[in-house]
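Taken in sequence, the protein lines are chains H and B. For what it's worth, the working numbering labels the leading residue of the first sequence as 1, then goes sequentially. For what it's worth, the working numbering labels the leading residue of the second sequence as 1001, then goes sequentially.
One should not assume that every hint holds.
Said to hold, decoys possible - Okay, derived cross-link-like pairs now, BS3-like style, lysine-lysine, Cα gap no bigger than 25 angstroms in a straight line:
| hint | chain 1 | residue 1 | chain 2 | residue 2 |
| --- | --- | --- | --- | --- |
| 1 | B | Lys1005 | H | Lys57 |
| 2 | H | Lys58 | B | Lys1003 |
| 3 | H | Lys62 | B | Lys1005 |
| 4 | B | Lys1151 | B | Lys1059 |
| 5 | B | Lys1003 | H | Lys57 |
| 6 | B | Lys1059 | H | Lys131 |
| 7 | B | Lys1151 | B | Lys1119 |
| 8 | H | Lys133 | B | Lys1005 |
| 9 | H | Lys131 | B | Lys1198 |
| 10 | B | Lys1003 | H | Lys133 |
| 11 | B | Lys1005 | H | Lys58 |
Said to hold, decoys possible - Stretch-level coverage of chain H by chain B, calculated; a stretch enters the list once three of its residues show a Cβ under 8 angstroms from a Cβ in chain B:
| hint | region |
| --- | --- |
| 12 | 5 to 19 |
| 13 | 45 to 58 |
Derived by calculation from the structure, the hints in this document are not laboratory data. Fair warning: this is a prediction, and the values are worked out from it, not measured in the lab. From the three backbone atoms N, C-alpha and C, an ideal C-beta is built for every residue, glycine too.
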Amino acid sequence: MSWYLIFFSWLVAMIATLGSLFFSEVMSFPPCVLCWYQRICMYPLTLILLTGLFPLKKEVFKFSFPIVLVGWTISIYHNLLYYKLIPESAAPCSQGISCTTSYISWAGFITIPLLALMAFTTIGILLLVFKRKYSEKR
Amino acid sequence: MRKDKLIVTASVAALIIGFVLLAWMYQDKQSKKLETARLQNESNLDRSHSPSLGPANAKVTLVEFMDPECESCRAFYPFVKKIMADNEGQIRLVIRYTLFHGNSELAASLLEASRLQGKFWQTLEYFFEYQPQWGSHHNPRPELLWEYLPKIGLDVDQLKKDLQNPVIAKNIATDAVDGNLLGVRQTPSFFINGKPLKEFGYQQLKSAIEMEIQK
Chain H
1 MSWYLIFFSW
11 LVAMIATLGS
21 LFFSEVMSFP
31 PCVLCWYQRI
41 CMYPLTLILL
51 TGLFPLKKEV
61 FKFSFPIVLV
71 GWTISIYHNL
81 LYYKLIPESA
91 APCSQGISCT
101 TSYISWAGFI
111 TIPLLALMAF
121 TTIGILLLVF
131 KRKYSEKR
Chain B
1001 MRKDKLIVTA
1011 SVAALIIGFV
1021 LLAWMYQDKQ
1031 SKKLETARLQ
1041 NESNLDRSHS
1051 PSLGPANAKV
1061 TLVEFMDPEC
1071 ESCRAFYPFV
1081 KKIMADNEGQ
1091 IRLVIRYTLF
1101 HGNSELAASL
1111 LEASRLQGKF
1121 WQTLEYFFEY
1131 QPQWGSHHNP
1141 RPELLWEYLP
1151 KIGLDVDQLK
1161 KDLQNPVIAK
1171 NIATDAVDGN
1181 LLGVRQTPSF
1191 FINGKPLKEF
1201 GYQQLKSAIE
1211 MEIQK
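Excised from the complex, chain H in its bound form (with noise of 0.2 angstroms):
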């Protein structure tokens, strides 16, 4: 059963990734700074999960948790700022794409950056509930 908390992880970060990649590369939206970083974190996932899944290392939680934390927080603050609920004067990309354009709006609240957030909180919860039941293995 564990097996497979790891294994939807991936699965989120492997269409997290894609995703990120149809939104620039197919429809040629550029990425903002805060994209960009939640990005580095993103992506190499698929790479440590999938390892961590041939076989089941009880290790690959500290060797991703600490990506998906850094990746949530970068997320959670670009939610707040594309949100409004921080001023944007506040951000770190005064030049170059503004991390508060909106490309798209699915359903009317739906959009990037909280795909992202949602991406980062499912693999982070996965992993968390992972984490818990190989320690009550033990």
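Knowing the structure of chain H, use the given hints to seat chain B on it.
For chain B alone, coordinates are given in the frame of chain H:
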């Protein structure tokens, strides 16, 4: 194959196929959208304000969206001239501006002002010839353009007066809007009797024009 490996392999395959399929569908949709926009704006392709060369009743109207500061436009210009010469009297060339570079707006304004003195083509050829100097990417020197003008035989005082004419700015702005609506994303972009040149290249342009002449 073990079950876990099978699941992962199948997922990878499904994700990649899904990605490619979606990308293909998206691009197909986009190109259809572009085509519709182009058809809706077809009447804006050949405007009376644009500089043109060749007889008004020529069999082929070749519209070129270009930028005097664009290297490919410079490189392509002799080919266009050669095709015009090889098919004398059969082609009418219409020049429209799609300005992507730092000083292209100045160059285009100067070209338009030189047109009022009947020296558009001479000025365009001169600007193209010396483009590596005034339009260098590392060290652009737009001030050089002013030095060229007397050498082309233009009355610089008159030209400075003409530059104030709001029609020049208006025509350049119209070209930008039309180019955008017609789906021009790169320079040079050619339209042969209203049809866009799908695949860019000298040979492709040549055969597209020859096909229209033979019609």
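The hints, checked one at a time:
Of the pairs offered as hints, the one joining Lys1005/B and Lys57/H holds, with about 15 angstroms between alpha carbons and a cut-off of 25 angstroms not exceeded. Distance restraint check for Lys58/H and Lys1003/B: the Cα-Cα separation of roughly 20 angstroms lies within the 25 angstroms cut-off, and the hinted pair is therefore satisfied. As the CA atoms of Lys62/H and Lys1005/B are separated by approximately 23 angstroms, the hinted pair is consistent with the 25 angstroms bound. Only pairs whose Cα atoms come within 25 angstroms are accepted, and Lys1151/B paired with Lys1059/B is rejected, the gap being roughly 35 angstroms.
Proposed proximity of Lys1003/B and Lys57/H is supported: the alpha carbons are some 17 angstroms apart, at most 25 angstroms. For the hint pairing Lys1059/B with Lys131/H, the CA-to-CA distance comes to about 76 angstroms; that exceeds 25 angstroms, so the pair is violated. Distance restraint check for Lys1151/B and Lys1119/B: the Cα-Cα separation of roughly 12 angstroms lies within the 25 angstroms cut-off, and the hinted pair is therefore satisfied. Restraint check for Lys133/H and Lys1005/B: satisfied, since their Cα atoms lie roughly 22 angstroms apart, inside the 25 angstroms limit.
For a cut-off of 25 angstroms, the pair hint linking Lys131/H to Lys1198/B is broken: about 56 angstroms separates their Cα positions. Taking the CA atoms of Lys1003/B and Lys133/H, the gap is about 22 angstroms. The hint holds against a cut of 25 angstroms. For the given pair, Lys1005/B sits about 18 angstroms from Lys58/H by alpha-carbon distance, which is consistent with the 25 angstroms threshold. Against chain B, the region 5 to 19 of chain H contributes 6 residues with a C-beta closer than 8 angstroms to a partner C-beta. That satisfies the three-residue criterion, and the hint holds.
Judged by the Cβ-Cβ criterion of 8 angstroms, the region 45 to 58 of chain H is covered by chain B as claimed, because 3 of its residues qualify and three suffice.
When each numbered hint is compared with the structure, violations occur for hints 4, 6 and 9.
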